[in-house]
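If you read the protein sequences in the order shown, they are chains A and B.
Per our numbering, the first sequence starts with residue 1, numbered consecutively.
Per our numbering, the second sequence starts with residue 539, numbered consecutively.
Some clues are possibly wrong.
Estimated spans, in silico, between C-beta atoms of each pair [unchecked claim]:
1) Ile825(B) to Glu71(A): 34 to 44 Å
2) Gly584(B) to Ala356(A): 49 to 59 Å
3) Gly584(B) to Pro152(A): 33 to 43 Å
4) Gln519(A) to Tyr673(B): 54 to 64 Å
5) Lys790(B) to Ala356(A): 50 to 60 Å
6) Val5(A) to Tyr673(B): 27 to 37 Å
7) Gly188(A) to Ala816(B): 55 to 65 Å
8) Thr154(A) to Gly584(B): 37 to 47 Å
9) Ala262(A) to Leu789(B): 38 to 48 Å
10) Arg83(A) to Ala816(B): 48 to 58 Å
11) Arg78(A) to Ile825(B): 41 to 51 Å
12) Arg78(A) to Asp764(B): 51 to 61 Å
13) Arg812(B) to Arg78(A): 46 to 56 Å
14) Gly342(A) to Tyr673(B): 31 to 41 Å
No wet-lab data here; the hints were simulated from the structure.
Glycine included, every Cβ here is placed at the ideal spot set by N, Cα and C.
Residue-level listing of the chains:
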Amino acid sequence: MQLTVWTYEGPPHVGAMRVATALRDVHYVLHAPQGDTYADLLFTMIERRSARPPVTYTTFQARDLGGDTAELFKSSVRDAYERFKPQALLVGASCTAELIQDDPGGLARTMGLPIPVIPLELPSYQRKENWGAAETFYQLVRALCLPLAPPPGTVREPRSADRRPRCNVLGATALGFRHRDDVREITGLLEQLGIEINVVAPLNAGPSDIRRLGEADFNVVLYPETASPAAQWLQRTFGQPMTRTVPIGVGATRDFIREVAALAGVEIPPAVLQGDSRLVWYSRSVDSTYLTGKRVFVFGDATHAVAAARIASEELGFKVVGIGTYSREFAREIRDAAARYGVEPLICDDYLQVEAKVAELQPELVLGTQMERHIAKRLGIPCAVISAPVHVQDFPARYAPQMGWEGANVIFDTWVHPLMMGLEEHLLGMFRNDFEFHEGAAPSHLGSTTARANPTEVVTAPAVVELQSQSGEAASEPQVQPAASGPTWAADAEKELRKIPFFVRGKAKRNTERYANDQSVAVITVETLYEAKAHYSR
Amino acid sequence: MSTITVPFPALKSKPRPPDGEGSVQVQLDPSLRIGTAKVFAVYGKGGIGKSTTSSNLSVAFTKLGKRVLQIGCDPKHDSTFTLTKRLVPTVIDALETVDFHSEELRIEDFVYPGFGGVMCVEAGGPPAGTGCGGYVVGQTVKLLKEHHLLEDTDVVIFDVLGDVVCGGFAAPLQHADRALIVTANDFDSIFAMNRIVAAIQAKSKNYNVRLGGVIANRSAGTDQIDKFNDRVGLKTMARFPDLDVIRRSRLKKSTLFEMESSPELEAVKAEYIRLAQALWDGTDPLIAEPMKDRDIFDLLGFD
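So here's chain B without its partners, still in its complex pose (with noise of 0.2 Å):
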């Protein structure tokens, strides 16, 4: 084995690029453009509730009569959970199965039927320390389209894991046409939604998508929402209570929707319904512009 010798400042050479920049960002391949359906992206913080919040809105969709594509983006595999009631084997399951001969793989390999007539893939991740995550969003997204899934699609909803960690996981906003944020009223999910922001900053530069608005969620106040997004131009969307129903609703594997009736619960219904209308009717782009981590200290503070 030959080696050579590095010169050290050679190495230092570079500053780091801030976060967001730099060339290292996966292109989207132009052939997989994703057609005519309407595309929202949900991230937030782990634990937030996006797999719940998406799985709602998916049916709040079927409601309206529109025909959605739910596509789950963590490596959990749960986002379908409460659609399908089962844990789903994932497009990386699949394409195992068949050796990664993707043109061996059938619709019904990866693709199930779920509450509402959602259509459900979890798109799976790769194992924890290797791979990439953008090259599973990237092969489920050609899957979909070969296999003539998005063309008779209205809406499809990624529903994406914790964080924007890297380029790969940041691959479906290259998909999407508006990034919606989950977060709750505390600190720590703010501070995340605010990397993400930057994120989806990053990416508006090169594809179509554009921030949608926020999703409170579990939170009975927005005051710390509201202070973040006055500063950095967002919008809430919708705002869901921290109610003890939507809790069980996950213990019963099964959404909102087939949850026994309440007043409250009828609230949280047409809230969804409601966000449903408003996306599919439109949402004008917000411009955002991220805030430094140490101003969000600054403006936030610890509490």
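Isolated chain A, as found in the complex (with noise of 0.2 Å):
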């Protein structure tokens, strides 16, 4: 085991809160310590949902060890049951709590309660938040629609022509990047197809929803790191298909809605197709090619991930430098992009290793998770959040889903604008130092004299002196490491480097390295830099 400071993924019982919280009527008892209840603060801070998290935790405490544990626990249920009356319950042990072994399943069973009861066996050590979060939706789909299954082998009958088709929509769960909205998009997007939607689950489905899955005529998998397990049982048990395309971006949904009208056995209206992207306006735009070739680094879970690749290169016309996951169970899914776009994956969980990789590729844009932002905001790249983990800042207020039409217009804001605030704090940057605009100058529009009387006490526009101390930060950390084999950069020439705008330094800079090794120069300085740019412009 890793000790770190900050991790991907939680354990499996918070994945295993997440589908809880989405879910209406279902109650979790969790065996575990005091400690682990900071989880809720995940939803209600994170999130800022309105209610705590169903989940009561028997919250064990030393003295405890020394009594009756399982007991305690029992008692847990019993009073859960009675405070909340759930119409099912989950189980399991935290982390922490399965070390001690009380076999929470087991005592639950033996206490006769009236609604189902779903044990839930996450092993905390080997497994993590998505993949907890994926068997306990499995659990509980298979508990309570078993019951209701075809005897094995039975095959399902067509649906008959009269019948509109149905189709559940699964895997959004609490906590998860943008599913709210997400959710919105596609069944909207279905049910301009004319497909009806079944059941969204877990996202606000009671147990009674939960039981009616069968009913539906195939799936529609949204997140598979979330719904896969399910949606496999799904389709073995009640012979229903599943939706593999994930519509993040223009070319997905297109390819999405192909498959899921293939699936409902319907004509797709031509205005569909088109739907309400504003990519062709993009396109079409006098500038377009003004971002093109830009080289962007991607890292997130895999869905995410290779959604974002693909539109990174199809759609707007970057070039992948880099991608990876920090999710193994998909970590082929990732393999099979990176051989698409030539570049070697990068399948880790440490933060460390996805950092040094950043700083080895400078890229010109990151599309990661928050870890990412943090990364990039250390090493000066722009950059934007595609996928979870999740900060506050991915719960906006305003309608932002990543997939469908209006998805796929978010995510070019939200790209964009990184690469051209970067522009604009160079000019800012650039200016800096002009008589007119220097630190101590006052706003023209305030007057001369009001300037000299109080030198101190300017008013300046709050966004600009937060740009500049950024800046100025920026500039005292040393932001331009010498590689460690390369030729080394003379102090007079590092500060010169300095000068050239951010977006093109990283290229100057390899460039003038490679000048500099080419020509046997073991110091590079002002002269060389300006030796090099004269060659490579030649």
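Make one complex out of these two single chains by using the hints.
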């Protein structure tokens, strides 16, 4: 095991909480010490839900370990049932409680509660949050639907022509990256195709809804990370086919519509295939080639990372220089994508390794998680967040899906702004030392007298102050580190390098170092820098 | 490097424990319970027809409407050959492709659908002379459990290699309800059967496994088997004569249930279905006492 201060995923019981919290009328009794209750805050402070998660912790303490923790668990189950009157109960242990081996499933089974009790065995030291969510959803679906399943080997009856096709939409959970808005966008899209939504699960579904899953003709899997095992079981047990395409991006949304229409056996109205995408507007704009060839590094959960790489390379004309994921379960998808873009896949959940990779590749845009946002900020590279782990800002008040047509528009804005804002910041930096715009100069509309009278109380726009202080910090950090084995940079050359706009600085640095290597120059001076510039512009 | 000197008598002080005794057996991970399926482990001397018997038995179970999973536990990995019509990659092959990060594997990487819907898995084995066969079986069961395959299965058949050569190869016994022994009516295969009886007796102290019975294969007569059974307390559950059609089915890469019908074949198929039904209905556990090696020679001689 590895000790770390930051992780991409929590332990698997947090995944179980995400499913339990998404559902209605389900309660989760978690055998856990007091400290584990911190997980509530993820849902109340980050997602800002209206209620605490439906989780009862046994909160055993050190002195309980000398007594009967099993009895403590059973009384917690009894109390939770009395108080919350759920229609189904999930029981399990957190990572800490797993070690005392009280077997919550076995204990709860013997209590004879009048509702389904679903034991969760989540190996905390081998698996992580997304797996825990997927396993929990699978166990719940299986426990509630198995009594209604047809005998094994039954072939599914074809849909009668007078009934509209029906589908389930699976995978959205609490604390998911834009799940709330994705569900709205995709259910709208499906309804435009004339497909009825049977059940959306786990988000806002109750046990009675889960029991109806078998009535659909097929399943739409929005998030394979959380819905795959359940959807595969439904396929085996009820003969329901499932979708493979995740509709993130314009191309993927079109593929998704075609796949769904084929599964449902419906015609696609031409207007639906065009949708409300603004990609055409951008593609036809005069400046549409402005960002072409930007080098991007992609990292996140596999589904979002693969989708982001496709959008970047096929829809915006960027160049994917690296792709990776923290979820081992989906390493295969990332390897396939990496092979398509001719890059090395990075499968790891150590953010320090990811940081090293970003520093090495020097991309012009990082598309990652909140973790990569921090990395990119430190390295002075523009960044957009494309995937969980989530942060407060990933739960905006406005409608901001990632999937479908509107999702593609949201993604366009989210990615392009950091690149454009970066340019603005450069302009600010460029004019910083100008006689008219220097720090002590008062804004011209306030008049020269005011400025002279109160030179220290100059009212400056807060945004500018912030930007300046940020770039000030950035300048004081050793932003440009000499390569370990290559030529070293003289102090004056390094200073000169910083004058170069940051969005071409990486390239200038690489070119200069290559030139220095070729010419066997050990120390790069200002002269070397300009010789290299002349050499490459020849 | 530092060395220590061990006095010679200290090395000799402990007598060698008898077969199946001692503390070196790999303990079953308690989380690796197979669940509700009925589990059978098929043992027997090498080349006696375990794989042929297992595959035909698997198909017979599907004819009874059961969902069957057959797990080949032989490094030769051809247990499910007649079901899948090819040599499928083993679990160890699949694990190697993902550098033993088992969480990367998908069901379709190591489970292959065979004739009649039998789900086929080849556990494979470690390289000859190294590794542990028990580890391979343990990993296979763990993977099948993680992928939820065992929850929706009625019958699991372990097809285990030749003889019980170590605690590791006896690992399937830890998961099984009943062990079946395939034997012919000859001294060598009965001798091997005796060792298997000893291994099962040892495992039954800590696990659920019990002896189900004997399957007499490739035998016109059963006098030798009967003599041994009476002596140790075993029973013959089914008998398959030495038919050419069984040999040909193997060459045709197919189970008996796919061969062209003939009166003798129909009889064999009926015998398989009867055996499957008897196993499904449940058999009384047999309490057998293995013989000393010397006593078998005295009982059956060298004929």
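- Task: May I ask which of the numbered hints given earlier this structure violates, with the numbers listed in increasing order?
- Result: No hint contradicted; all consistent.
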